[in-house]
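Sequence order for the protein chains is A and B.
Count along the first sequence starting at 1, add 94, and that's the number in my numbering.
Count along the second sequence starting at 1, add 5, and that's the number in my numbering.
Hints may contain errors.
[As the list claims (entries may be wrong)] Quick list of in silico lysine to any residue cross-link-like pairs, SDA-like style, CA-CA up to 20 angstroms: (1) 46(B) <-> 144(A); (2) 187(B) <-> 141(B); (3) 46(B) <-> 106(A).
FYI, nobody ran anything at the bench for these hints, they're computed from the structure.
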Amino acid sequence: MEKDFKEKLEQRTIQPSDMAWDRLDAMLSVAENKKPKKDRTWMYMAAAFLVFLLVGVLFLNQEKENSGIDNNSVVTTEREQPETNSQINDETFAAPATNQEAVAVQGLSKNTQHNKVSGFKRDIISNGTIQSAAQENLAANDNKSSSVIVPSNDAEKMLAATAPTETAKKKRGVKVDPNALLSAAEEELDDSFKDKVLIGAVKNFDAVRSAVANRNYE
Amino acid sequence: MTTETKQPIVLKVIALHQEEKDIIAQAAENNRHAQQVIYSKHSPKMLSICRQYVKDVHQAEDIMITAFMKVFTSLKSFEHKGSFEGWIRRIMVNECISYLRVQKKVKFLEDEFYIEDTFNNIESHFSVEDIQSLIDGLPDGYRMVFNLYAIEGFKHQEIAKMLGINEGTSKSQLSRAREMLKDQINKLKNYENGTE
Chain A
95 MEKDFKEKLE QRTIQPSDMA WDRLDAMLSV AENKKPKKDR TWMYMAAAFL VFLLVGVLFL
155 NQEKENSGID NNSVVTTERE QPETNSQIND ETFAAPATNQ EAVAVQGLSK NTQHNKVSGF
215 KRDIISNGTI QSAAQENLAA NDNKSSSVIV PSNDAEKMLA ATAPTETAKK KRGVKVDPNA
275 LLSAAEEELD DSFKDKVLIG AVKNFDAVRS AVANRNYE
Chain B
6 MTTETKQPIV LKVIALHQEE KDIIAQAAEN NRHAQQVIYS KHSPKMLSIC RQYVKDVHQA
66 EDIMITAFMK VFTSLKSFEH KGSFEGWIRR IMVNECISYL RVQKKVKFLE DEFYIEDTFN
126 NIESHFSVED IQSLIDGLPD GYRMVFNLYA IEGFKHQEIA KMLGINEGTS KSQLSRAREM
186 LKDQINKLKN YENGTE
């Protein structure tokens, strides 16, 4: 019986209405017209992507330029540093001079001492109470004074010899890392920003808390 | 003599097959004339198939038009492996199932109780209209399974996959559909005999 059902239903045909094809035709036309729109959407998407890409590239370039300016500033500090170094060098170079001056002063004082001693000697001579022991002592003093002056010349030489090495040491010691400086400055900035944000958050929290408390109280 | 008559038939079949291939290729390229040729050739049979699943002819026609839209928009995916009519038929059946499932919200009770029974012992003298009215008397779920199994020749496993139900549910639905059909046929016979 099922076979009979099947055979009879297989043989059956139902003619659709005349409007059916027109409706299908209209639907097909709509579907065909929709297709180019899809292509356009792809084009719009591609255009949007390109615009985003361009904006991104421009933004990156700007960032690079900004970072370039920062680098220049770093470079200027680097350039300034040698100046300071040179100042330091000048100072260090001046230091031996002061040393020399000091030595010269020392020498002068020693000379004055020597003059004093010689004056004292003259006084002794003028007094006519020349004592051999005193003379010996004076001579010894004289010798001593002369012996003091001689090492002062050595000290000058030694100072002159050691001065450049000290400056070199100072040169080596005063090395400034630009990256460290930058990072330190950035950290300071971050800290200040964090502080600001935290202060703002705390203020807001206090305001909200007080508002809630007031509401609860009411 | 027999070879002489056989050769032209084979050639005719090949020529027809080639012609159909050409029309399909043209229709795939949105040639409206080719599409109309295909529609005119297959629409009466396809509307009959849709009518098996849906009681209302106008609704069946709507489903058929939607299914033909799908046929023409996906013609490029047809690989000429099976018959073209079979391919269209499958699209029609799927469209009917989806329509019934969406519009009518068909629910299949997960009942796996069924009796292996056929009504082959019943003599059939019914016209197509009678058969259609008998099928129309079935609930949507029973009708779907009965059509898929008895008319389209799908197996329970395939039906279960198509409808998203268990194989047992498909079998129980068929069993109940047969029972209902038997009752209806008996009633119809009694009515014809004048006993009711």
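Results of checking the hints against the structure:
As the CA atoms of residue 46(B) and residue 144(A) are separated by approximately 49 angstroms, the hinted pair breaks the 20 angstroms bound. Between the alpha carbons of residue 187(B) and residue 141(B) the distance comes to roughly 14 angstroms, so the proposed pair stays at or under 20 angstroms and holds. A C-alpha spacing of about 14 angstroms is found between residue 46(B) and residue 106(A), which places the hinted pair at or below 20 angstroms, so the restraint holds.
Checked against the numbered hints above, the structure violates only hint 1.
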